[in-house]
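Visitor: Spelled out from the first residue to the last, the chains are:
There are 4 protein chains.
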Amino acid sequence: MTQQINGQLIAEHNAQAAARVNLDYETLGEQLARRNVDTHVLKDQVARFAVAVPSWGVGTGGTRFARFPGLGEPRHVFDKIQDCGVIQQLVRCTPTVSPHFPWDKVSDYQELRQHAEAHGVGFDAVNSNTFSDQKDQPLSYKFGSLTHADAGVRAQAVAHNLECIDIGKQLGSKALTVWIGDGSNFPGQSHFRRQFERYLDSNRQIYDALPADWRMFLEHKMFEPAFYSTVIQDWGSSLLAAQTLGPKARCLVDLGHHAPNTNIEMIVARLVHARKLAGFHFNDSKYGDDDLDSGSINPFQLFLVFNELVDAAQTGAAEFDPAYMLDQSHNVTDPIESLMTSAVTVQRCYAQALLVDRTALTAYQDSNDVLMAAQTLKQAFHTDVTPLLQKIRMEAGGAADPVLAYRASGYRKQMAAIRPASGPSSGIV
Amino acid sequence: MTQQINGQLIAEHNAQAAARVNLDYETLGEQLARRNVDTHVLKDQVARFAVAVPSWGVGTGGTRFARFPGLGEPRHVFDKIQDCGVIQQLVRCTPTVSPHFPWDKVSDYQELRQHAEAHGVGFDAVNSNTFSDQKDQPLSYKFGSLTHADAGVRAQAVAHNLECIDIGKQLGSKALTVWIGDGSNFPGQSHFRRQFERYLDSNRQIYDALPADWRMFLEHKMFEPAFYSTVIQDWGSSLLAAQTLGPKARCLVDLGHHAPNTNIEMIVARLVHARKLAGFHFNDSKYGDDDLDSGSINPFQLFLVFNELVDAAQTGAAEFDPAYMLDQSHNVTDPIESLMTSAVTVQRCYAQALLVDRTALTAYQDSNDVLMAAQTLKQAFHTDVTPLLQKIRMEAGGAADPVLAYRASGYRKQMAAIRPASGPSSGIV
Amino acid sequence: MTQQINGQLIAEHNAQAAARVNLDYETLGEQLARRNVDTHVLKDQVARFAVAVPSWGVGTGGTRFARFPGLGEPRHVFDKIQDCGVIQQLVRCTPTVSPHFPWDKVSDYQELRQHAEAHGVGFDAVNSNTFSDQKDQPLSYKFGSLTHADAGVRAQAVAHNLECIDIGKQLGSKALTVWIGDGSNFPGQSHFRRQFERYLDSNRQIYDALPADWRMFLEHKMFEPAFYSTVIQDWGSSLLAAQTLGPKARCLVDLGHHAPNTNIEMIVARLVHARKLAGFHFNDSKYGDDDLDSGSINPFQLFLVFNELVDAAQTGAAEFDPAYMLDQSHNVTDPIESLMTSAVTVQRCYAQALLVDRTALTAYQDSNDVLMAAQTLKQAFHTDVTPLLQKIRMEAGGAADPVLAYRASGYRKQMAAIRPASGPSSGIV
Amino acid sequence: MTQQINGQLIAEHNAQAAARVNLDYETLGEQLARRNVDTHVLKDQVARFAVAVPSWGVGTGGTRFARFPGLGEPRHVFDKIQDCGVIQQLVRCTPTVSPHFPWDKVSDYQELRQHAEAHGVGFDAVNSNTFSDQKDQPLSYKFGSLTHADAGVRAQAVAHNLECIDIGKQLGSKALTVWIGDGSNFPGQSHFRRQFERYLDSNRQIYDALPADWRMFLEHKMFEPAFYSTVIQDWGSSLLAAQTLGPKARCLVDLGHHAPNTNIEMIVARLVHARKLAGFHFNDSKYGDDDLDSGSINPFQLFLVFNELVDAAQTGAAEFDPAYMLDQSHNVTDPIESLMTSAVTVQRCYAQALLVDRTALTAYQDSNDVLMAAQTLKQAFHTDVTPLLQKIRMEAGGAADPVLAYRASGYRKQMAAIRPASGPSSGIV
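Residue numbers (the numbering used here), protein chains in the order written: chain L, 73 to 501; chain S, 73 to 501; chain F, 73 to 501; chain D, 73 to 501.
These are computed hints drawn from the structure, not numbers from a lab. Just so you know, not all the hints are guaranteed correct.
You can't tell identical chains apart in this list, so a pair holds if it fits in one copy or across any two.
With a straight-line Cα cutoff of 20 Å, these simulated SDA-like cross-link-like pairs (lysine to any residue) come out [to be verified]:
hint: 1; residue 1: Lys177; residue 2: Thr431
hint: 2; residue 1: Lys348; residue 2: Gln315
hint: 3; residue 1: Lys348; residue 2: Arg491
hint: 4; residue 1: Lys348; residue 2: Leu272
hint: 5; residue 1: Lys348; residue 2: Gln103
hint: 6; residue 1: Lys485; residue 2: Ser439
hint: 7; residue 1: Lys207; residue 2: Gln80
hint: 8; residue 1: Lys348; residue 2: Thr316
Put together the whole structure using the sequences plus the hints.
Guide: Given below as structure tokens:
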């Protein structure tokens with residue numbers, strides 16, 4: 073194992089925090105005991121929670137207006153894996169990385185896999201990219217990829233997805249995430265129904281190539297990069313497509329890909345009902361697909377999503393096995409810091425959702441005691457589970473305060489010395 | 073036939089307009105001929121277009137803040153039918169009325185049917201109402217109807233729907249529209265999945281009672297009267313429900329029931345694909361379910377909806393047979409004037425959609441000539457088909473300018489003398 | 073003093089809670105001491121926080137679709153005051169009531185004032201109502217009030233506001249809140265500029281009648297009851313009007329009256345800058361003017377609003393003296409329970425905002441340490457101040473858990489026996 | 073004059089269209105005569121309408137996900153001017169170009185000015201750019217420009233704007249447009265009030281450097297590139313800033329920079345009232361700042377904006393003198409074709425707004441004849457003014473159908489041969 077952050081440093085950091093964390097953890101335990109919650113059981117549950125990190129997330133993001141690079145940004149997938157290893161070392165709930173192709177293509181995937189293992193991480197779902205053109209790509213995706221009017225372009229996009237599956241097999245992945253930018257910018261540009269049929273046809277070819285134990289995650293998005301229509305614009309179209317393709321196809325929920333005011337936790341409930349919930353791309357937003365840090369804008373919404381997930385798990389919902397990933401664009405923060413903080417935020421909401429007194433909640437729901445039902449959720453949300461999360465990290469060898477430990481380590485400065493700065497440019501994902 | 077508006081008055085009104093209308097119609101014909109459109113064929117197609125009027129639409133609407141009554145408002149369903157007869161007499165494209173129960177309950181439905189026939193209208197889909205309580209109703213819908221946690225309330229709501237089907241059979245209806253206000257105002261109030269299962273269970277009982285040649289229209293709505301969640305919040309949930317219930321169940325699209333920015337014409341295309349499009353409740357909105365007059369805020373959107381419908385019809389989409397209805401709340405206009413104007417607006421968009429050069433459009437779409445594809449739609453939308461619509465009305469015995477003829481008739485004043493004024497109050501639908 | 077809830081009952085309720093509350097309060101104090109917060113100072117600050125209750129808030133609300141009455145609803149302003157007294161008795165942070173005319177008109181305002189004093193409450197801002205017609209009102213507000221095209225209607229609306237000021241003087245109020253429903257439902261219905269000029273002209277007459285120590289609160293709203301345009305649709309128009317009228321005119325922020333995605337805390341900051349912040353109508357919403365319970369949908373947003381307010385107070389912002397009021401519609405809960413819970417929620421956010429380490433925050437802001445700035449707010453928001461709020465209530469004679477104590481008192485049942493039930497109806501505010 | 077499109081080609085193109093255009097123009101004239109509109113007067117008015125083209129608009133745009141370059145894209149400002157010359161040659165209503173610095177910096181502005189004159193265009197407002205970093209720029213705008221916490225960065229941004237004024241003087245500009253990307257991505261990142269004060273302070277330095285006959289256009293935007301807050305997020309903040317700066321500062325309205333559902337035409341009316349309307353950046357959008365072609369999504373909204381503008385002009389609104397510019401991002405069309413089509417679309421809405429029967433409209437408004445007021449606008453909007461616009465272009469030497477003539481000219485192919493293709497990349501404005 074290649075530990076990027078000195079173990080001694082973490083140990084000292086934790087030693088300093090231990091007394092405080094232990095005291096707060098005990099106090100929390102006493103408070104929860106009054107609510108008949110066994111904190112040790114809770115701790116074990118929360119400790120098993122894991123969320124994947126996207127390989128592209130450790131680079132600095134941007135907008136169509138500009139990208140302002142950070143220091144020591146990763147140059148290639150090996151650097152990205154190394155950064156993801158740092159995150160996992162400190163937070164201990166991000167054991168896998170989700171790669172993106174062709175960006176993360178290498179000549180030797182066994183080497184990449186060993187590199188990841190050495191950094192303490194494995195591979196999650198593979199992601200294809202047909203929303204931008206690559207140098208030397210024969211045909212352009214300017215007017216679509218899997219849904220392009222031209223069969224040749226569709227074939228090229230299908231082939232790329234098949235290659236992603238192939239790479240994924242070598243990396244130990246078990247899922248392919250398909251998000252495409254296809255859509256239109258003008259009324260009339262695309263024939264909605266024929267375009268959707270081409271989507272289904274292309275995806276059927278990809279679906280047929282999936283190994284038996286793989287899943288295909290269909291990701292919907294309301295707008296951007298297309299601004300009048302997108303092919304899979306909402307969970308309704310996503311559901312239709314997943315139903316048509318078959319049992320391995322499921323619907324992914326990205327928190328930022330919905331219309332304003334949408335009740336996302338309701339969509340989660342519906343997909344659980346339909347046995348079609350693939351999982352999540354976590355982030356937060358105020359306006360559109362802002363790709364802000366998870367829980368930074370509306371933490372209660374994130375809690376409500378987990379309230380649905382915990383309920384589904386505890387009631388034994390059929391075929392319920394969602395995959396979790398962070399998918400954020402870090403334009404003004406150190407991506408490692410943002411991803412660590414976000415992983416902990418997601419974990420926090422999971423822990424709070426576990427605290428909901430579901431027996432009481434059910435009784436309130438069934439008797440229409442609306443106010444007490446609402447307050448039952450609020451009681452769980454008000455609970456500050458910080459010491460619980462710290463305790464879990466410390467027991468697993470992570471850091472009581474990941475950002476402080478990370479800053480103390482000087483990792484970013486070291487990387488800035490090794491990895492050359494990129495110039496200013498317009499934005500990427 | 074009981075003609076409310078004096079036929080002589082209409083004839084004179086039309087005689088005054090005839091020269092102008094004929095000239096403009098001929099000019100339009102020449103312009104369209106240059107685009108290879110046969111105006112006579114077009115006229116026949118447009119003349120067959122029909123849109124239903126809701127019985128509740130002829131009363132003055134309101135908001136939760138106030139209802140400002142109009143003059144001569146209908147007192148009961150017989151008055152409403154009479155007003156609908158006036159609309160049909162003048163615009164000639166609103167041959168049916170959609171009744172709402174229990175509001176429109178009478179003791180003798182044969183009498184009601186004959187009354188309608190006498191006024192030149194028939195009956196469209198019947199609508200149940202479980203979103204408000206009626207006097208002497210045993211159980212309240214305050215916390216839900218078809219999805220209520222209590223089985224007794226659900227049974228009452230089911231029974232009401234079964235009664236609506238029964239009444240509908242007597243009136244010659246062929247469809248039941250189910251829109252419910254069930255939802256929640258607080259996170260935690262309702263268990264989303266159990267609530268949805270109750271929805272399906274209750275509706276299955278209703279579905280099973282439908283005659284073989286009937287349809288069940290499921291209507292989704294994002295919010296209001298429930299403000300945190302609604303059971304059928306979008307077309308995705310509506311589709312899931314319709315799929316579960318069976319082939320007679322279809323999804324109704326009300327133009328005002330969507331999230332901000334939603335691409336409604338795309339939803340139309342998806343429901344056509346899924347063979348689940350029930351039809352429309354036409355209205356317009358700027359903010360929420362504003363229930364404004366069709367096409368008054370965004371006429372191009374209404375045109376784009378019809379663009380999908382005409383395309384589906386012309387390409388022979390399977391099981392495509394949508395039902396059209398106006399569903400508006402007239403708070404500051406004479407409802408008869410608004411309904412006449414709106415019916416003509418809907419008809420206008422249908423005519424414009426028929427004008428789209430679909431051969432050219434397909435070629436532009438297939439070759440990614442985006443600008444020309446967009447302009448092909450715009451050319452149709454820019455065409456002022458007013459004389460065509462006037463000609464159709466005049467040939468059918470309606471009025472060249474329905475609002476002018478209606479005002480000239482003094483109908484509203486006569487009704488104000490007969491029908492007593494209601495006092496100020498807070499709002500209704 | 074007429075205590076509606078038996079003091080002995082509250083004392084016993086608190087005695088039962090005392091050990092737990094004291095322990096949790098001490099623990100919280102120790103945790104906060106580590107952050108250099110003196111809990112006793114904090115307690116004194118929070119204990120001084122007060123938020124007004126609207127007289128109409130203790131009745132059950134409704135929508136345009138239905139109103140489902142509750143049990144024992146207040147019949148008139150004396151009943152309303154009594155209910156408000158119960159709220160204040162139990163939560164101890166709602167010492168004033170904001171009356172609404174003509175709904176709350178009585179023949180003897182000294183009697184009303186004494187009635188309020190007897191129930192432990194005083195009067196806050198008076199509210200005029202020109203958004204609905206009253207029986208025997210000479211002219212209708214159907215097409216506007218203060219902005220009506222007809223000078224007679226405007227004069228009537230002005231006169232009503234002058235009367236409100238008069239009543240307010242008798243009740244000890246110091247402010248008039250002017251919210252009107254004026255707007256339009258169709259493009260073209262109103263001439264925007266002339267309508268606005270009429271608004272200014274009418275309000276100038278009202279403004280001129282204000283006592284020297286009064287304020288005029290202008291309330292903007294994006295839509296409803298008007299659905300295409302409203303005269304004071306946003307804070308920009310509100311600001312323009314307040315600037316034109318003079319220093320006594322200020323802009324009120326209702327949390328539910330904004331466009332989707334609006335950053336409300338930014339508007340607060342701008343109004344503080346402009347020295348024009350009147351205060352707040354607190355509630356929460358997911359879609360429009362949902363009037364849901366404060367903090368029930370997005371508690372972090374409420375915290376962010378208070379973050380601006382505490383910052384303005386602590387930095388000595390000029391002419392900063394906002395008025396706080398709850399303004400919610402309770403359709404499915406007991407209004408007394410909702411108002412008590414909401415008052416505590418607002419108080420909670422105030423306390424959390426006081427916990428923000430502003431010295432640290434400023435340093436992070438000035439050095440662009442974005443992540444730590446964000447985390448500084450989050451640390452305060454994560455703090456569960458429940459025991460602090462309980463301690464404050466208990467020390468002031470309120471209840472540790474207001475809803476439990478209220479339910480134990482049987483107050484609602486007693487009122488249901490005295491106050492007759494109203495029938496089902498369509499909705500009110 | 074350097075005519076890029078062969079005059080003979082245009083003449084032949086027009087000759088082919090002449091008979092049809094003349095016939096349709098005459099017919100339109102007869103129809104309008106019945107409404108008491110003198111088509112010749114109308115033609116003269118419309119012929120004087122002009123809208124500027126932004127220099128950056130002739131390049132292909134992109135998103136943060138990708139930019140798909142077009143053929144023959146302009147390499148520098150001289151190429152851009154040449155493309156703008158083509159647009160003006162064919163549509164004859166885009167006589168000026170709005171340059172953007174530092175993108176359009178050259179060593180000799182007299183040469184640039186002569187180049188523009190040679191291509192038949194002049195210069196409009198100059199635009200500064202502090203939303204992206206340039207190579208060799210000493211300080212970064214990553215965390216803000218005119219509002220940056222660091223005085224050095226602010227000074228750099230101010231200096232850049234002063235340089236823009238300087239360049240503008242050389243080019244004959246009379247206005248500076250200031251749009252900045254400053255804002256924040258996290259609650260807490262920026263102190264809203266201090267940030268706004270820095271905005272005012274920086275802009276005061278720029279304002280003070282403006283020549284006496286110049287204007288400063290302040291442009292607000294709700295979000296993007298900042299995703300939690302922006303400094304000038306709406307017209308309220310823009311107004312506050314313009315009021316503070318002085319009479320030369322005015323508020324620019326970009327159609328895509330508003331919250332969902334915003335009534336933009338109302339904002340126009342308010343800015344006219346406040347005498348602070350700078351002008352427009354025309355485009356269209358469905359979701360956010362989509363920068364789609366003007367009128368492509370909601371043409372009626374564009375008409376309603378012009379309805380306000382024509383009304384303001386005809387009623388002699390004080391200090392009313394708006395500047396018009398297209399500001400679109402052309403991702404999937406030939407930018408020249410999109411700009412020509414958009415210029416004509418804007419001109420079309422202006423012409424339609426001139427057709428509104430304002431005497432009738434005023435009467436309907438004053439008598440609350442809502443339906444007829446709405447229909448009065450609709451009558452104008454339904455009028456197909458295509459032949460009028462064609463006639464105006466032909467008389468001015470432009471093309472009856474600019475896109476057809478442009479395609480026939482082979483200009484793009486010629487440029488593709490001269491100007492080298494750029495590779496695929498992520499997006500720009």
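Visitor: Now tell me if each hint is right for this structure.
Guide: Results for each hint:
| no. | hint | in the structure |
| --- | --- | --- |
| 1 | Lys177 x Thr431 | neither (49 Å within a copy, 43 Å between copies) |
| 2 | Lys348 x Gln315 | both (8 Å within a copy, 15 Å between copies) |
| 3 | Lys348 x Arg491 | neither (42 Å within a copy, 50 Å between copies) |
| 4 | Lys348 x Leu272 | both (17 Å within a copy, 18 Å between copies) |
| 5 | Lys348 x Gln103 | neither (38 Å within a copy, 44 Å between copies) |
| 6 | Lys485 x Ser439 | between (59 Å within a copy, 18 Å between copies) |
| 7 | Lys207 x Gln80 | neither (45 Å within a copy, 41 Å between copies) |
| 8 | Lys348 x Thr316 | both (12 Å within a copy, 15 Å between copies) |
Hints 1, 3, 5 and 7 from the earlier list are contradicted by this structure; the remaining hints agree with it.
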